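Trainee: One line per chain: the protein sequences are X and W, in this order. Here the first sequence is numbered in this note's numbering, starting from 1 and rising by one per residue. Here the second sequence is numbered in this note's numbering, starting from 255 and rising by one per residue.
The set of hints was computed from the structure by calculation and includes no laboratory data. Careful: at least some of the hints might be erroneous.
[Said to hold, decoys possible] Pairs of lysine-lysine residues, derived as DSSO-like cross-links and limited to a Cα-Cα distance of at most 27 angstroms, are as follows:
id, chain 1, residue 1, chain 2, residue 2
1, W, 373, X, 107
2, X, 202, W, 562
3, X, 129, X, 107
4, X, 58, X, 29
5, X, 202, X, 100
6, X, 29, X, 202
[As the list claims (entries may be wrong)] Okay, the calculated beta carbon distance ranges per label pair:
id, chain 1, residue 1, chain 2, residue 2, range
7, X, 232, W, 515, 17 to 25 angstroms
8, W, 515, X, 158, 25 to 33 angstroms
9, X, 26, W, 457, 47 to 55 angstroms
[As the list claims (entries may be wrong)] Negatives, chain X to chain W, calculated, CB over 12 angstroms:
id, residue
10, 22
11, 25
12, 38
13, 47
14, 159
15, 190
16, 193
17, 213
Quick caveat: nothing in here was measured; it's all calculated off a predicted structure. All C-beta atoms in this analysis are idealised placements derived from N, C-alpha and C, irrespective of residue type, glycine included.
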Amino acid sequence: MRRLLLIVNLLFVMTTAHANDFIPRTFVKDPFDSRVFPYHQVTILSDPSEIQWDDRVKVILPAMAEDATQVPVFVDATAIDDVSEMIVFADYAPIPLVLKASFDGMKPSIGFRIKVEQATVVRAVVVDKQGQHFVGGSYINALGGGCTTPDGGTAKADWVERLGRIQYRFSRTGHRLRVGIDHPMDTGLAPGIPAYYIEQLKVSGRGYSSTVSLYEPISENPVFTFAIPEDGREPVAMTARDTGGDWFDAILER
Amino acid sequence: MSWLRLFGLIQLALLSQLAWANDVFFDSLPRTEVAPDLLVVEGRNELFDASNYGAIANSILIDSARGVLVIDTGSNTLFGDWLQRLAERHFNRPVVGVINTHGHPDHWFGNAAFDGVPKLATRQMIDYSRSAGSDLLNTLYATVGDAMIGTQLAVPDLTIGSTLQWGRYLFEVISLNGHSHGDAALFDTERGILIAGDLVFNGRSPTTPHADIATWIQVLTSLEARAPAVVIPGHGTVDRTTASIRETMRYLQWLDQYLRDAAQDAVDPAQLLAQGVPREWRHLAVVDTEFERSVIHLYSAYEAEYTKEVPR
Numbered sequence: 001m002r003r004l005l006l007i008v009n010l011l012f013v014m015t016t017a018h019a020n021d022f023i024p025r026t027f028v029k030d031p032f033d034s035r036v037f038p039y040h041q042v043t044i045l046s047d048p049s050e051i052q053w054d055d056r057v058k059v060i061l062p063a064m065a066e067d068a069t070q071v072p073v074f075v076d077a078t079a080i081d082d083v084s085e086m087i088v089f090a091d092y093a094p095i096p097l098v099l100k101a102s103f104d105g106m107k108p109s110i111g112f113r114i115k116v117e118q119a120t121v122v123r124a125v126v127v128d129k130q131g132q133h134f135v136g137g138s139y140i141n142a143l144g145g146g147c148t149t150p151d152g153g154t155a156k157a158d159w160v161e162r163l164g165r166i167q168y169r170f171s172r173t174g175h176r177l178r179v180g181i182d183h184p185m186d187t188g189l190a191p192g193i194p195a196y197y198i199e200q201l202k203v204s205g206r207g208y209s210s211t212v213s214l215y216e217p218i219s220e221n222p223v224f225t226f227a228i229p230e231d232g233r234e235p236v237a238m239t240a241r242d243t244g245g246d247w248f249d250a251i252l253e254r
Numbered sequence: 255m256s257w258l259r260l261f262g263l264i265q266l267a268l269l270s271q272l273a274w275a276n277d278v279f280f281d282s283l284p285r286t287e288v289a290p291d292l293l294v295v296e297g298r299n300e301l302f303d304a305s306n307y308g309a310i311a312n313s314i315l316i317d318s319a320r321g322v323l324v325i326d327t328g329s330n331t332l333f334g335d336w337l338q339r340l341a342e343r344h345f346n347r348p349v350v351g352v353i354n355t356h357g358h359p360d361h362w363f364g365n366a367a368f369d370g371v372p373k374l375a376t377r378q379m380i381d382y383s384r385s386a387g388s389d390l391l392n393t394l395y396a397t398v399g400d401a402m403i404g405t406q407l408a409v410p411d412l413t414i415g416s417t418l419q420w421g422r423y424l425f426e427v428i429s430l431n432g433h434s435h436g437d438a439a440l441f442d443t444e445r446g447i448l449i450a451g452d453l454v455f456n457g458r459s460p461t462t463p464h465a466d467i468a469t470w471i472q473v474l475t476s477l478e479a480r481a482p483a484v485v486i487p488g489h490g491t492v493d494r495t496t497a498s499i500r501e502t503m504r505y506l507q508w509l510d511q512y513l514r515d516a517a518q519d520a521v522d523p524a525q526l527l528a529q530g531v532p533r534e535w536r537h538l539a540v541v542d543t544e545f546e547r548s549v550i551h552l553y554s555a556y557e558a559e560y561t562k563e564v565p566r
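The shape of chain W in the complex, shown without the other chains:
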């Protein structure tokens, strides 16, 4: 055997180890069968990191005679490929459609794995992804690292309508704002299944960089009024009550009041960060980081409401 061949074999062995490692990790993610034809894969309630391969958001697979629909594709092609294989394994059918609930990268960067498959999202999501996509990709390469290799942007190409029939489900597509630029939530009235995207978080603090808090709270009120039997949040475990909607709402109400009080009292943003999050919300995953991001992105708008301008 030549040295070159040996070297090649070793390299192959190493590569297969790598592939194996992330698949083992993805296989270890909790899966919930909401119905025999509706499977939820739960990402970790963590931040983007090399150790979680970027798998931090929930993905949903819905089976039908046509094939499988994937709602939210994770953070990279690696995960998208794995979802593809999971669909084959679990439902014995290929993925034939993709929906992205909104434009944050943990929900659509796996799209490139579904080449030639139609991808749907709201018009605002598509516009946002086109303009911010490459910056977001840079950020993910920096935070997630190797698992991003091979990931390319595959912005959804079709605007989602107001209803969606898939298998035995008839979803009302609720196109809303609040969490980001154009969130889509899917609601099956007959079975009371709500696919909420990142409008609802369960056990994890909400992400607010692009949030309009007042609108978001209104949206949650209207989602709760539909009295869903099952809430599938964008992050966190499947909720068979509506507790996750209320928790998200209460957190946002608290955040709104907290920032408002601080702005009225001329508190410096850095001092606000040092005060941190009160006990009441410490049980939420990654709350320190999300609170920090909320202060950075939202506080100056609150301050602007309460400052006086010197007449010129």
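Extracted from the complex, chain X is given alone in its bound form:
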């Protein structure tokens, strides 16, 4: 009888393990107790063994998505040493992955705007040079409709005229750059409008650079904030490439 029970138990464990292919190797103590984070851990992050929650990864968001198509996000991982990559995604979104960024000779921080479809945790996972993953995140409330609303993007008649227009500003100390590029950033989820978005953005200067891979949730006419290491007169070079094969290059003079 005992043996039978053991076998049944074993069978039970095997079937449940089989039923869920998305059990990560390492359990992350998640303050939001999210049901889908383990899934993203396996699919987006490729199930790393060294992964933990860390308050030093700061994700700054409004409490409420007042405009669900333009939600400002700022990720600051300056307190983590030797950052090799930053990955940002939303727990609940039709397309969860937002961006992947690397920083060379620059502080690992970035500001951008996203579309949200519903209330969700937005997470940043920072990977250091030893392969350790540090998870941070914040919750945003939303009434919904950011990704699938056809308003904006190529649905606007004059988008072609404005395509690729680049505007920017340096802070007074010169250590911060805000740069925006006019682009519809269509997700492909709005009926009849194919996906069309900037998929790579790079800023660089003397001895520093940041490369950012962008995905569908980034807002229309995206604007980014970068921390620039030197405050001199040197210009910053910027280049962007979209899914249509277009290149947008600019030299951002001080």
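Start from chain X and add chain W according to the hints.
Mentor: Same frame as chain X, now just chain W:
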């Protein structure tokens, strides 16, 4: 007694409980008698929420031999119905006219309770309400919840003129912009009573999603110059000085400068939100939320003023 009948009775009891609960809440709202024929009902200085049944703005009842005029009808039919009963109770007369000071839903979604009663507003308010009404209604169903049940859009049908005679009052209708698309303020010169709508907030931070701050500040300067004896704000208690006008003005001036400085210094909007509101303005109700909304709606226009464009 059959089960069905018992069930029906229980349901009736529950329903009457519900009706009772919101009426008790509306009865608990502070009321100020500015004059024997002019009553102000003060909504809570809060955000839309199920617990306040959406009663967050001020409504004004003015009595006359013709009947009662209601200025701003609250967020739902429930509140409109209650205002109707309040008019009967307080003045012994029915409501025969409605004015909406502007198109934000906490000021006109109670209109449907006044079926067949003429409703007046500025032309811009009417246009805005026609186009944005159903979206606003969805938002209110989501934030206020059950108290919205039965609420339908009743957009004002008449354009308000430049003067309005009601009982012993002769109001100059000041049709302005600033706070929203078409704000109306009413001023009785003889008694110095200013019904300001949301051009003036008292003890609550101003709502700015549709604001044109520079225009709004000008408007407040001109309202203050009229030296009203009583200011009835859109939100907050009745003010017998003009302090609420100045407070609204100073807040807007601060906000304008704060956003301008941040834009000049290339501050990320999310970081600006994290900095929050300085001590000076922390006494204002719901200031954190309103500041957040201001940043979301207004900041990019400030940024556009200070960005350089890469020549092509």
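Trainee: Does each hint hold? Answer for all of them.
Mentor: Do the hints match the structure? See the list:
With a C-alpha separation of about 58 angstroms, the suggested pair residue 373 (chain W) and residue 107 (chain X) falls outside the 27 angstroms cut-off, and the hint is violated. For the given pair, residue 202 (chain X) sits about 19 angstroms from residue 562 (chain W) by alpha-carbon distance, which is consistent with the 27 angstroms threshold. Between residue 129 (chain X) and residue 107 (chain X) the alpha-carbon distance is near 15 angstroms, which keeps this suggested pair within the 27 angstroms criterion. The suggested pairing of residue 58 (chain X) with residue 29 (chain X) holds, with an alpha-carbon distance near 16 angstroms, which does not exceed 27 angstroms.
A hinted pair counts as satisfied when its Cα atoms are at most 27 angstroms apart, and residue 202 (chain X) with residue 100 (chain X) qualifies at roughly 12 angstroms. For the hint pairing residue 29 (chain X) with residue 202 (chain X), the CA-to-CA distance comes to about 34 angstroms; that exceeds 27 angstroms, so the pair is violated. Between residue 232 (chain X) and residue 515 (chain W), the C-beta spacing of about 24 angstroms keeps the proposed range 17 to 25 angstroms intact. One distance hint, 25 to 33 angstroms for the beta-carbon pair residue 515 (chain W) and residue 158 (chain X), holds here, with the actual separation near 32 angstroms.
Between residue 26 (chain X) and residue 457 (chain W) the CB atoms are about 51 angstroms apart, so this pair conforms to the stated range of 47 to 55 angstroms. No beta-carbon of chain W comes within 12 angstroms of the beta-carbon of residue 22 (chain X); the shortest separation is about 31 angstroms. No Cβ of chain W approaches the Cβ of residue 25 (chain X) within 12 angstroms, the least distance being about 33 angstroms, so the stated non-interface status holds. Under the 12 angstroms C-beta cut-off, the non-interface status given to residue 38 (chain X) relative to chain W holds; the minimum distance is some 27 angstroms.
Remark: the non-interface label on residue 47 (chain X) is consistent with the geometry, its nearest Cβ contact in chain W lying 30 angstroms away (cut-off 12 angstroms). At roughly 16 angstroms, the least C-beta separation between residue 159 (chain X) and chain W is larger than 12 angstroms, which holds for a residue marked as non-interface. Residue placement check: residue 190 (chain X) keeps its beta carbon more than 12 angstroms from all beta carbons of chain W (closest about 17 angstroms). For residue 193 (chain X), the requirement that its beta carbon stay farther than 12 angstroms from each beta carbon of chain W is met, with the minimum near 21 angstroms.
Residue 213 (chain X), annotated as away from the interface, keeps every beta carbon of chain W farther than 12 angstroms; the closest lies near 20 angstroms.
Hint violations for this structure: numbers 1 and 6, all remaining hints satisfied.
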